[in-house]
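Line by line, the protein sequences are chains A and B. Going by this note's numbering, the first sequence opens with residue 1, and the numbers climb by one from there. Going by this note's numbering, the second sequence opens with residue 1, and the numbers climb by one from there.
A portion of the hints provided could be inaccurate.
[To be verified] Derived DEER-like restraints, expressed as beta-carbon distance ranges:
#1 A:S109 - B:G59: 22 to 30 Å
#2 A:P10 - B:V74: 31 to 39 Å
#3 A:R67 - B:K14: 43 to 51 Å
[What the hints assert, rightly or not] If you want a taste of the chain A side facing chain B, the calculated C-beta under 8 Å gives, among others:
#4 L44
#5 L46
#6 F89
If you are wondering where the hints come from, they were derived from the structure by calculation, not from laboratory data. Note that CB positions come from ideal geometry on N, CA and C, so glycine has one too.
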Amino acid sequence: GNSVTQMEGPVTLSEEAFLTINCTYTATGYPSLFWYVQYPGEGLQLLLKATKADDKGSNKGFEATYRKETTSFHLEKGSVQVSDSAVYFCALSEAETSYDKVIFGPGTSLSVIP
Amino acid sequence: GAGVSQSPRYKVAKRGQDVALRCDPISGHVSLFWYQQALGQGPEFLTYFQNEAQLDKSGLPSDRFFAERPEGSVSTLKIQRTQQEDSAVYLCASSYRSSAGLTEAFFGQGTRLTVV
Numbered sequence: 001g002n003s004v005t006q007m008e009g010p011v012t013l014s015e016e017a018f019l020t021i022n023c024t025y026t027a028t029g030y031p032s033l034f035w036y037v038q039y040p041g042e043g044l045q046l047l048l049k050a051t052k053a054d055d056k057g058s059n060k061g062f063e064a065t066y067r068k069e070t071t072s073f074h075l076e077k078g079s080v081q082v083s084d085s086a087v088y089f090c091a092l093s094e095a096e097t098s099y100d101k102v103i104f105g106p107g108t109s110l111s112v113i114p
Numbered sequence: 001g002a003g004v005s006q007s008p009r010y011k012v013a014k015r016g017q018d019v020a021l022r023c024d025p026i027s028g029h030v031s032l033f034w035y036q037q038a039l040g041q042g043p044e045f046l047t048y049f050q051n052e053a054q055l056d057k058s059g060l061p062s063d064r065f066f067a068e069r070p071e072g073s074v075s076t077l078k079i080q081r082t083q084q085e086d087s088a089v090y091l092c093a094s095s096y097r098s099s100a101g102l103t104e105a106f107f108g109q110g111t112r113l114t115v116v
């Protein structure tokens, strides 16, 4: 079945450090790919998405590129801030359903220290 | 409302008790999803509604779990005879499909259920 794997956390970085959170997926067809973020005490929010191969999603300084050849969608940010501390979930939307059933990875907790 | 609203935010239930969790989706959103998020894990799909029709309930873990959306708006997830393994955050999401075929799911803050 479809699944998402992402690097285990927690990840702790100093402010202004470079961030990479690896994500790989297994899926039939051509899923859409997402990164969701969950800030402390808040609900899940869509951070960025890509719907086809080689698409780059970007938002709030975060980027991820849909790589079909490596089945990956790694999240990157050039300079993290304390306010980026959150749990990040890589996810895919199953291509074989018509209603965007989303499969989530286990999440990666990020802590950014001043 | 402005977003997806879930109630209660927190629920403590004694083992064996029945619980009902409510979700108010964004007005006009046709699609509604329920997910279960265990501590330290990603959300896992439970069930999907398109308007009032429950089109996919493949993720419901047992027949103690039941969901409904009778008028195609508010949805209720009911868990009968709760067990400790039911302790989790239950998330509701609603989405729409734009004319361009693009969708985005909006999540509520969830209901944290603790079974003691």
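Query raised in the report: Among all the numbered hints in the text so far, which are the ones the structure does not match?
Result: Violated hints: none at all, because every hint is consistent with the structure.
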